[in-house]
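Colleague: Using the sequences and the hints given, assemble the complete structure.
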Amino acid sequence: MRTNRFWQLGLAALAVCFLAPCVLLVLPLAGQPPETLWQAVSAPDYLRAYRNTLLLALGGVLVQTGVALPAGCFLARLAPGRVRQVCLALCLLLMLLPQQALMLPQYLLLQTFGLLDTLAGLLLMTAFQPWMVLLFWFGTSRIDRELFDAAACDGAAGLSFCRRIYLPLMAPYLAAAALLSMAESWNLLEQPMIFLQQRANDPLSILLSRLPGASPAQKLFAGVLFALPLVILFGLVARSSRPPRA
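Residue 131 in numbering that gives the first Met the number 0 sits at position 132 of the sequence shown; the count goes up by one each step and never skips.
Because the hints were derived from the structure by calculation, they are not lab data.
One or more hints might be untrue.
[What the hints assert, rightly or not] Per label pair, the in silico range of CB-to-CB distance:
#, residue 1, residue 2, range
1, GLY222, GLN196, 41 to 49 Å
2, LEU10, ASP44, 40 to 48 Å
3, VAL236, ILE142, 19 to 27 Å
The beta-carbon is built from N, C-alpha and C at its ideal position, and this holds for glycine as well.
Modeller: As structure tokens, this is what we get:
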């Protein structure tokens, strides 16, 4: 009993140490008039950047999942052993490769197709995520192969199999991929700085770094509102994945 109490106090102390910097960051908001804080986030530039961020985040989840899920399923179930090993090694190499090394080829590609300085071009450059391919490959590999064979024998194939069997089994991996993808799209910095020139296309991650005429408290408040949707989404996913009480 005493040992358990010791571990509980230790974990509580670690939690306090982890959350204390977050609390200290929010302290400058205390005592600020609400009208002053809302003045920055109600500006047209902020609202337009918020819309661009939502488009990039939601569009990124759909595009990246549409590319990575079939790729992961193919590597787990259909690809020959040597092809699978080569593709997984390439995914690992792309994950370890610095993103700055890919900026120039991506810039030239967007310039060739006329997609430079567009949100569609930025989405296209983030469509392939090697970590997501590896995640879906691992998730598909965890599904018993006999389940696929039994479903085929019962006539569940194609879209019917994906909708009723495969996607429900992959739901935890899809939720994790969606959260990570949105968090990555939410904080894009280098790609928008290089691929976007017009300020009308800037996401919030760019706007907050150069919010014109805003005080430090206003910038902090804008940043809190910027991160709030992700915090709410993470809480909803964590709550839905919690095991039921006995």
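Colleague: LEU10 and ASP44, beta-carbon distance inside 40 to 48 Å?
Modeller: With a Cβ separation near 43 Å, LEU10 and ASP44 satisfy 40 to 48 Å, so the hint holds.
Colleague: Quick one: are VAL236 and ILE142 within 19 to 27 Å, going by C-beta?
Modeller: holds, 21 Å
Colleague: Given the hint of 41 to 49 Å, is the C-beta distance from GLY222 to GLN196 inside that range or not?
Modeller: Since the Cβ atoms of GLY222 and GLN196 sit about 24 Å apart, the hinted range of 41 to 49 Å is violated.
Hint 1 from the earlier list is the only one contradicted by this structure; the remaining hints agree with it.
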